[in-house]
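Fit the two chains together into the complex; they arrive one by one in their own frames, and the hints show the way.
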Amino acid sequence: MNLTLKIWRQKGPQDKGKMVDYKVNDISEHMSFLEMMDVLNEQLVNSGEEPVAFDHDCREGICGMCSLYINGEAHGPDRGITTCQLHMRMFNDGDTIYIEPWRAAAFPVIKDLVVDRTAFERIQQAGGYISVNTSGNTQDANSLPISKHAADEAMDAAACIGCGACVATCKNSSAMLFVGAKVSQYALLPQGKIEAADRVMNMVHQMDLEGFGNCTNTGACEIECPKGITLVNIARMNREFLKASLKG
Amino acid sequence: MGILSSSIARKVSMALSALFLVFFLLIHVSVNLVSVFSEDAFNAASHFMGTNPLIQFVMQPVLIFGVVFHFVLGFILELKNRKAVGVKSYAKNNGAANSTWMSRNMIYSGLAILAFIALHFIDFWLPEINHKYIEVLPEDPTRYYHELREKFVNPIRVGAYVLAFVFLALHLLHGFQSAFQSMGMNNKYTKCVKNFGKTYAIVIPLLFIFIALFHHFTH
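Protein sequence lines, in the order shown, are assigned to chains A and B.
Counting along the first sequence from 1, when you hit position 89 you're at 613 in the working numbering, and nothing is skipped either side.
Counting along the second sequence from 1, when you hit position 105 you're at 716 in the working numbering, and nothing is skipped either side.
If we strip away everything but chain B, and leave its shape as in the complex, we get (with noise of 0.2 Å):
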């Protein structure tokens, strides 16, 4: 792990993994909207996704690499800064005079979504991987659909996504924009990143909540 020895080299590696999760969300995002409109298109979407051999065997596993790699760097980061902050702490201390509460808790939103990530694999990744290499049931074209409704019949759940999506907000908020001054871009492009991806963190969780709530209330 000699590359990420240096604070640099960490803040970047933090930078380029959280723009692929960011880019990995409009793809998800975008086949769930698909369930919306037509079921047929979302099994037939599903259906590729969870049998192509490029997105099963590269796709998906580079994609739990950058999951962990993410959250994993980002423990060792609050870790690192802790140490450096020192048992010390300041009696008052007014944070947010100078930052904004997304800055300041990436940890906490990080958690959460952690949280939720460990609730989606035990919904969706866990019963299909039972499904495809446990129980080698046959293939049905036709059960995504179906499966995904299930899901969103307890309100429980529903109310447990609809606030992950919030956090997830909250996150990419600050992480958006946050990662391209990682990678050394602050220049006359800066204010477009920020509004993009202000509005990207705001528009895609919203798709999300609006998918959830979708398939709760049409169930």
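So that you can see chain A by itself, here it is in the shape it has in the complex (with noise of 0.2 Å):
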């Protein structure tokens, strides 16, 4: 197929930024949306222009390093996917597709489709963790009991890439999403109860702090997470939240 590609050039992050077109041609409805996005790459390479710079690592939908905002939908328009699982058949012949950069004020753009996510980073060494004696003494989790239902969902919420497609979907840029889902995995089990009150005002705190927006629950991230993440996960936070403010 033939396409019309609508992309966000910037050269660094002070620059300007614009949209540039360009056409790729013979596209295989059999390609991955980041396999077209290398054949662009090679065509401005071999005509002496500079290439679109994207994230992506694994390509297999594990890392959350891919992030592309497509047809004004993070990830694209199918559902339950990472861009790198993204199928050109999704696209018809002739179609101009839009490709931009995640956009919120915490993911600042570092060149063209890059974006720190850095912020996220700062989230999770917030309290993201437990603390875990590794002096050579361990205890054996599965000598914990932990009910299939608590670590169902507890693995359902560990699911979470930390890819930000629910930051760039969201109308308010909130991290909500991630933070609900980083908070659960913990909070379901037995070995993150410790830090749970800790966990979710440190970890809470620091979103406020990295400029995330307000969550207004339009559902919007949950629809786009392509890894499933409910809005349950939210909710969990905001009781462990509140548990923790009323104890002090």
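Hints were generated in silico from the structure; no laboratory data involved.
Hints are not guaranteed to be accurate.
What the hints assert, rightly or not - The calculated BS3-like cross-link candidates involving lysine-lysine, where the alpha carbons are at most 30 Å apart (straight line), are:
id, chain 1, residue 1, chain 2, residue 2
1, B, Lys699, A, Lys542
2, A, Lys540, A, Lys635
3, A, Lys535, A, Lys635
4, A, Lys695, B, Lys762
5, B, Lys799, A, Lys767
6, A, Lys635, A, Lys547
7, A, Lys542, A, Lys530
8, A, Lys535, B, Lys743
9, B, Lys805, A, Lys767
10, A, Lys771, A, Lys535
11, A, Lys771, A, Lys540
12, B, Lys762, B, Lys743
13, B, Lys703, A, Lys767
14, B, Lys703, A, Lys547
15, B, Lys699, A, Lys751
16, A, Lys771, B, Lys799
17, B, Lys762, A, Lys635
18, B, Lys691, B, Lys703
19, A, Lys695, A, Lys530
20, A, Lys535, B, Lys699
21, A, Lys751, B, Lys694
Here is the structure:
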């Protein structure tokens, strides 16, 4: 298929940036979206132009690196997938495709389609961990009784890959789905309960410091999340926060 | 305002003030509905509401505080959210693909309701304050029904009221269930809350519209 691409080009963090039109031809519907981007970049390199910078790593939906806003949706028009899992069969011959970086004040553009998502790392560092003695006498995790239901819910929350699609798609640039998932995955397990109050207070505080917006429950984040993280996790985080606040 | 310094505390505060206002709507529509069935009963109910010291000096200030708190915090949240989004917006954004119009436009439906509240205060609350506390006119327990009927003679005012109640329905369609989510409730009862919220969001404004049209067309 032959396509017109409208891509955000920005030389660096201080550059104003603009949308630039490109044409790509003979794109196979079996290609992944990032393979199509590779074809474009080969074309640009061969013609002596600067290739389009975009984040990618595993290309199998696990690492959370790819982060494109395609035709007005985070990770494109398909559901439950990352950009690298998006296939060109989702588009038609002759289509015009808009390709933009995540937009949020807390995710500044580094170059072209690459944004700085280290705000997520700082939130994680603020409390997204458990303190475990690793000096050689670490307790076997299986010795702690955990209900199947709690284990399943914790695993579902832990599926978050921190790609930032929730922030990118939220009209308020809120990070509550990400933080809710990180708080939940520990709050549901006995290993996480000891530091639960400090964790939620510190992570929410860091989230606010990073400049993410306030959640207004539109639910767009859970629709666009490639890992199916649900609003249940935000509700759980809110409860954990209220519990911790009342505890003092 | 230290308690409102956290994003989640702000969410919960919005939700609590919203649920208080949602409950108030039920009381308001119940009293208004009486006017459709009985002039005497409406006068008696209005006289009670207008002269009972608990309602006048405790509940009314609490209600005004609730309204002001809800819209001021709503504005603050909107400003904070616009700052969080940043100066660059998407060249193409398909919001309808993942969220409802109501959820994305709460600030606009809220602004329409706020404009209506201003009109409603000018229509009913300010004359009432003037009657009781400025001109200190003698209390006539039979005046309320006729005052109400007079207000719904003008078709432009009736049209403005009807439009405002449509916006109220749109606001409630998202706001009702959103308040429960904000307070941390998302469990097996959520479907029930959503369905009840949708029914409430449609029935209450429809009743207000019916009352306004009833008095307009039966005048």
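Going down the list of hints, with the structure as the test:
1. B:Lys699 - A:Lys542: Roughly 11 Å separates the two Cα atoms, so the pair holds.
2. A:Lys540 - A:Lys635: Within the cut-off at roughly 11 Å; holds.
3. A:Lys535 - A:Lys635: 6 Å, holds
4. A:Lys695 - B:Lys762: At roughly 40 Å apart (the allowed maximum being 30 Å), Lys762 (chain B) and Lys695 (chain A) break the hint.
5. B:Lys799 - A:Lys767: Satisfied, since the Cα-Cα distance of roughly 21 Å is no more than 30 Å.
6. A:Lys635 - A:Lys547: 21 Å, holds
7. A:Lys542 - A:Lys530: Status holds; Cα separation ~10 Å.
8. A:Lys535 - B:Lys743: Roughly 68 Å between the alpha carbons, so the hint for Lys535 (chain A) and Lys743 (chain B) is violated.
9. B:Lys805 - A:Lys767: 25 Å, holds
10. A:Lys771 - A:Lys535: 49 Å, violated
11. A:Lys771 - A:Lys540: 47 Å, violated
12. B:Lys762 - B:Lys743: 19 Å, holds
13. B:Lys703 - A:Lys767: Cα-Cα ~40 Å, so violated.
14. B:Lys703 - A:Lys547: 18 Å, holds
15. B:Lys699 - A:Lys751: 27 Å, holds
16. A:Lys771 - B:Lys799: 27 Å, holds
17. B:Lys762 - A:Lys635: 61 Å, violated
18. B:Lys691 - B:Lys703: Since the Cα atoms of Lys691 (chain B) and Lys703 (chain B) sit roughly 23 Å apart, the hinted pair holds (cutoff 30 Å).
19. A:Lys695 - A:Lys530: 22 Å, holds
20. A:Lys535 - B:Lys699: 15 Å, holds
21. A:Lys751 - B:Lys694: Distance of about 28 Å is within 30 Å: holds.
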